[in-house]
Amino acid sequence: MDERVDERVRVMVVDDHPMWRDAVERDLAAAGFEVVAVAADGHQALARFPAARPQVVVLDLQIPGPSGVEVTAQVLQQDPAARVLILSASGEQADVLGAVKAGATGYLVKSASREELLDAVRRVAAGDTVFTPGLAGLVLGEFRRIAEGPADDPVDQLTERETEVLKMVAKGMSYKQIAERLVLSHRTVQNHVQNTLRKLQMNNRVQLTRWAIEHGLDDDDE
Amino acid sequence: MTGWSGVAIWAYGAPRRRTPVLLGLDLALAIGSLLLTPVVKGADFNATVPGFWVMGALLAWAVHWHVRGGLVAAMAISVADLGIRDHIEQANYGNVFLLMIGGPIVGYMCGSLQRMATERDLAERAAAAAEERARLARAVHDGVLQVLSLMQRRGAEAGGAWAELGQVAGEQERSLRSLIRQQAGVTAEASDREQDLAGALEALGTASATRVEVSTPGHPVLLPGPVVSELVAAAGACLDNVGRHAGPDARAWVLLEELESSVVVTVRDDGPGIPAGRLEAAQHEGRLGVAESIRGRLAALGGEARLDTGSWGTEWELEAPR
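Just so you know, the sequences run in chain order A and B.
Just so we're aligned: 69 in numbering that gives the first Met the number 0 is position 70 of the first sequence, and the numbers increase by one with no gaps anywhere.
Just so we're aligned: 177 in numbering that gives the first Met the number 0 is position 178 of the second sequence, and the numbers increase by one with no gaps anywhere.
Hints in this document: simulated from the structure, not taken from any laboratory.
Warning: the hint list may mix true and false statements.
To be verified - Straight-line Cα separation of at most 20 Å, EDC-like style, residue types lysine to aspartate or glutamate; simulated pairs:
(1) A/LYS175 x B/ASP269
(2) A/LYS166 x B/GLU88
(3) A/LYS166 x B/ASP307
(4) A/LYS166 x B/GLU314
(5) A/LYS198 x A/GLU163
(6) A/LYS166 x B/GLU259
(7) A/LYS198 x A/GLU141
(8) A/LYS198 x A/GLU147
(9) A/LYS166 x A/GLU179
(10) A/LYS166 x A/GLU141
(11) A/LYS166 x A/ASP127
(12) A/LYS166 x B/GLU318
(13) A/LYS175 x A/ASP118
(14) A/LYS166 x B/GLU303
(15) A/LYS175 x B/GLU314
(16) A/LYS166 x B/ASP269
(17) A/LYS175 x A/GLU115
The structure displayed is predicted, hence computed values, not measured ones.
So that you can see chain A by itself, here it is in the shape it has in the complex (with noise of 0.2 Å):
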């Protein structure tokens, strides 16, 4: 497999952990990525990120500072066309949930192998979403959890097909086995599961301003 990439990707990569900060990086580099920043808390990273302007942002959840999820806003506020992978050790369910709410797309456990690591990487940067079964599972039981809330929240819910799919891969399947079982294309099951996030995420936007309109947190400017 020619681990090249035609256009160096540009990687930031976040982590408290310097055996692993260094690892990560390292296989970046060996892989073709130009790795353009480090950080080894939310502070250094949200600090080095403008400068950087990284493509795709490596972040550990569980850092010192402004936590994974705060970083995964402030940065995707500052660069939208910036994408950003968790890659986490304990996989804590609700700072996942979390993460992906403020716009991550893609989680990897840190277990995962070099090859997987490089790979979501790859898939990020193109603009696909990386899931794993477990926080499939999650963002499953989010929706539900929506549907059940208040009938008047203008929320978007999950079509059929998106929920049929979210299951496939909560149950393991990978996006091809997918295609395969629903006799659809590649590219649709990515779709699906793509759309599942930005629903997901403009669900928690919607859920945000409605809170701070009820908060009167919108009459900063008057």
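Guided by the hints, dock chain B onto chain A, whose structure is given.
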């Protein structure tokens, strides 16, 4: 008496001044004024000089020394009150009775209030300590998981004995991660009657010989205890089957979904699937078989077990009403 009332109000105002000396003085003055009554009012008085003023000292004793204080003060005052009278009427007995019953009861209530406050403080401290321990544990776990993951990765790349070490690290990493999730389900909400199905399935995944990945909604799914144990037993039977028929390299996934009126546990493996006719053949031979026992468990819960199998593997869907 008016003067002492002022002094007493000031003196009892601060906890450090509430000494046995003050309390003793208070009671002594109350009894002293009682004893003065015959001198001041003559032997055949009706009401004592202090009257109900003695209650002040009695209540102070009850509050400070609880039941015993209330009882001692009540007895002392009663004895003094009865001792100075030359004839005792029914009303005097009534007053003594009220003193004797009021002192200990006020004392008892103060005691239990104080005990409850102490217990509440202890519980609050325990909760705060548990929270802090959980926070510290998160940091420790994260560090350990990092190292285990790293060992797994580097070990696999180095090969040989290192690969074995990496594999062991990987197993530990998975079970620690699962334990952390199970811990998240341990809440005050779970009671004897209700258990968390999500945590129970995580535990099942850790215990299984097959490599299992468990997906849950991310929050405790509380169901009656018997329902949880039956569902876990059925899912466990599915996983045992995976180990038996799909080989040691097969992987399995468990998905828990919380629907409006039911819960669905899906167990999928990537094995070769169950050959057509094998289940029927087993039934024909009179063997009930694992499939029937799984179906039976779900039917007993008022739910349903669905089996789907093909070249892509085997999938059990266990649905039980909530």
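query = Hint numbers the structure violates, sorted upward?
reply = 2
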